[in-house]
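Taken in sequence, the protein lines are chains F and G.
Converting from the first sequence to the working numbering requires adding 2 to each position, the first position being numbered 1.
Converting from the second sequence to the working numbering requires adding 2 to each position, the first position being numbered 1.
Accuracy of the hints is not assured; some may be wrong.
Between beta-carbon pairs, the in silico distance windows are [unchecked claim]: (1) F:Glu397 x G:Ile55: 44 to 54 Å; (2) F:Pro117 x G:Asp333: 21 to 31 Å; (3) G:Arg375 x F:Glu59: 21 to 31 Å; (4) F:Ala140 x G:Arg375: 45 to 55 Å; (5) F:Ala140 x G:Asp366: 48 to 58 Å; (6) G:Pro364 x F:Asp390: 19 to 29 Å; (7) G:Val359 x F:Tyr389: 17 to 27 Å; (8) F:Asp390 x G:Thr149: 17 to 27 Å; (9) G:Arg207 x F:Leu206: 37 to 47 Å; (10) F:Asp328 x G:Asp366: 36 to 46 Å; (11) F:Asp328 x G:Arg375: 30 to 40 Å; (12) G:Val330 x F:Glu102: 27 to 37 Å; (13) F:Thr149 x G:Lys285: 36 to 46 Å; (14) G:Pro364 x F:Thr286: 41 to 51 Å.
Some residues of chain F that are not near chain G, with every Cβ distance over 12 Å (derived) [unchecked claim]: (15) Gly20; (16) Ala63; (17) Ala90; (18) Lys100; (19) Ala104; (20) Lys122; (21) Arg240; (22) Asn245; (23) Gly283; (24) Asp366; (25) Arg370.
Keep in mind the hints are simulated off the structure, nothing from the lab.
If you're wondering where the values come from, they're calculated on a predicted model, not measured in any experiment.
Here a beta-carbon is modelled for each residue, glycine too, at the ideal position from N, C-alpha and C.
Number of protein chains: 2
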Amino acid sequence: MTTIHPVAGVRIGIASAGIKKVGRKDLVVFELAEGSATVGVFTRNAFCAAPVIVARENLAATQPKYLLVNTGNANAGTGASGIEAAQATLAALAQAAKCEPAQILPFSTGVIGEPLPVAKIEAAIPAALSDLQTNNWAQAAEGIMTTDTRPKVASRQVEFGGERFVITGVTKGAGMIRPNMATMLSYVATDLAIDEVLLQQALLRAVDQSYHRITVDGDTSTNDACTLSATGQSALPRVDSDNELYQVFCETLDDLLLELAQMMVRDGEGATKFFQIEVSGGKTEQECLDVAFTIAESPLVKTALFASDPNWGRLLAAIGRAGLHDLVIDDVTLHLNDVLIAEQGCRAASYTEEQGVAAMAPTDIVLRVGLNRGPAQTTVYTTDFSYDYVRINAEYRT
Amino acid sequence: MTTIHPVAGVRIGIASAGIKKVGRKDLVVFELAEGSATVGVFTRNAFCAAPVIVARENLAATQPKYLLVNTGNANAGTGASGIEAAQATLAALAQAAKCEPAQILPFSTGVIGEPLPVAKIEAAIPAALSDLQTNNWAQAAEGIMTTDTRPKVASRQVEFGGERFVITGVTKGAGMIRPNMATMLSYVATDLAIDEVLLQQALLRAVDQSYHRITVDGDTSTNDACTLSATGQSALPRVDSDNELYQVFCETLDDLLLELAQMMVRDGEGATKFFQIEVSGGKTEQECLDVAFTIAESPLVKTALFASDPNWGRLLAAIGRAGLHDLVIDDVTLHLNDVLIAEQGCRAASYTEEQGVAAMAPTDIVLRVGLNRGPAQTTVYTTDFSYDYVRINAEYRT
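Extracted from the complex, chain F is given alone in its bound form (with noise of 0.2 Å):
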């Protein structure tokens, strides 16, 4: 069981709205306070839902002082009338925090196309925010779930010149994952005082090595969205430059939205496999992850994954279409964990299928794609293709 450190500052309230279904958690406020800065990173998708379009908005203008998150209903697809619907829960919220409706970012999470159920979740917002209190980051992790198995929760507290600060964050499994969800959510904070500009800059890196490296379909969701919250509580002096001890937070952030990551796409959808794909000696990173998203998106390499079948042809079919210049197919190497099973452009002579086997066997597996024309690399995680993920998506409306 992992440690859980509170955030000073943050505090978060969760209640059931009945959203969806009656009972469960569905509605999580979290409450940042005075004097915290907070950025934001949002879906690239250019059909993004109302609660984005909103949290956008209001963030650009102002510091937020709640965060209010549902789930069962993404508010997606649901045109001018869920800008409303979202502006609704945002004046309920506010009334009853007396601050102003500009001063909250709304997140919604389940279902596409329905209306957002106003009703039920202004009904709520007493009981969330009578249960405000800075323990609750796991009740939070639990109360942003949808169709992920497990709650997701990672925490870091880090000595620093005899102080200490803390990163703790929540996340939910959607985004490029379960994109049918229509989100991945996450929520990171930390207790430093930090400079917004240096803060964004530390989320932008650490989503860039995290969630824009994982990959379950390729489908990327309309709700997608990340912030990161800095409350300066912590007896640590302000970040307000690129010194040692933002360096450390950087390092620890990053470190952290990939522990994120990595159990998204281990939650994913009929996931038997945990695929890290490690592409080197490419020319620059952004050819080396060309490969490695072609050979995690392509489906066949996804059901050979899920066969636990060591289909090399596959593999070097997929870097041969990945769209790279000039690429020396001869020139490449592949290794699956340890073991070098293809170079010179077919199988390697030392390559024993009994290897192979053995080295798809475990349900962790790395390929190392050697590419030999240059310094660059990139690692990126993804999973298989299974009857189940089929079953999960042709079922989910039904």
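Position chain G relative to chain F; hints supplied.
Okay, now just chain G, sitting in the frame of chain F:
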């Protein structure tokens, strides 16, 4: 039953070499009469098979007299020895047929990474040559099959200026459909006499509107090849300019290749649906293609299609992530057959779930996407992701 018109100047011989299964017709020889012109289109995959490398070279050097096709073994992922094996089969046919090896194009389809059984092919060449006749197109369509469930042949006879010309072709369903079988192979011939440059233009145009408009899983094969031969034995005058006869030829070829391409989609792995995606109102054809292929290759769309689920949220989400600059999702309209299902970023007011269910019930479904921002349009054909797709691709090697 379609009428198959033989092409004067093309004789075809089929034999059983026992490459993978004893007794199976697995070797096909096309003989092209003296004076024939042949052009080809090959896979763009950087990991291309030995026969593709050899065929490209030979086609650039001289006009082919023979096409030599084997199934059961793709001769892909076989490195330098694969090239030698392909050359050895050409040498054997050249000796028996009294031509130069460079006047033959080799084609292989089947398992990747296994050595081509050259001796078996050499032994069967005399039988294939003694079988040569003009009426063997249906047999050729069967002889090039691998996991195809049915042969694919199409034929046209066209009246022009009191004379006639013929175009006949065969294909096997691979390519972007069955890349694990490592091949879409297609052989088309006409008895017209056509300038080689014009012939190449006609093929590129027709392939672009047919084989390049179909996808099952987005994977591209290592062996894809399509050739077009013109024997010049029709009584019609030689086509050496972009005249009316050339236009008629091109239109007929477009139509024929589209028929063959659609046959491949319908015979796609595990396919239960035929999904035609028409995207109109784009600024450019490329952005229409980006939208159409993002929809066609979305696992979430494909599993919903398998479930006959009119899931417009997944469709809008796929359109939203297709990468179109400044796309306004509220301008997009979605029709299933003639039913308006979504507009203004949400479910159409007139839409009922009953209409959607009725539209999704047949095997053949047309999705019409209106981008409403320009004059361009395109059409793409695909199929669904079923349990059988996973089964076929997870079990293929075992």
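Here's how the hints hold up against the structure:
no., hint, in the structure
1, F:Glu397 x G:Ile55: 44 to 54 Å, "46 Å, holds"
2, F:Pro117 x G:Asp333: 21 to 31 Å, "22 Å, holds"
3, G:Arg375 x F:Glu59: 21 to 31 Å, "24 Å, holds"
4, F:Ala140 x G:Arg375: 45 to 55 Å, "47 Å, holds"
5, F:Ala140 x G:Asp366: 48 to 58 Å, "51 Å, holds"
6, G:Pro364 x F:Asp390: 19 to 29 Å, "27 Å, holds"
7, G:Val359 x F:Tyr389: 17 to 27 Å, "24 Å, holds"
8, F:Asp390 x G:Thr149: 17 to 27 Å, "24 Å, holds"
9, G:Arg207 x F:Leu206: 37 to 47 Å, "45 Å, holds"
10, F:Asp328 x G:Asp366: 36 to 46 Å, "42 Å, holds"
11, F:Asp328 x G:Arg375: 30 to 40 Å, "35 Å, holds"
12, G:Val330 x F:Glu102: 27 to 37 Å, "29 Å, holds"
13, F:Thr149 x G:Lys285: 36 to 46 Å, "37 Å, holds"
14, G:Pro364 x F:Thr286: 41 to 51 Å, "47 Å, holds"
15, Gly20, "23 Å, holds"
16, Ala63, "23 Å, holds"
17, Ala90, "17 Å, holds"
18, Lys100, "34 Å, holds"
19, Ala104, "23 Å, holds"
20, Lys122, "20 Å, holds"
21, Arg240, "38 Å, holds"
22, Asn245, "38 Å, holds"
23, Gly283, "15 Å, holds"
24, Asp366, "19 Å, holds"
25, Arg370, "17 Å, holds"
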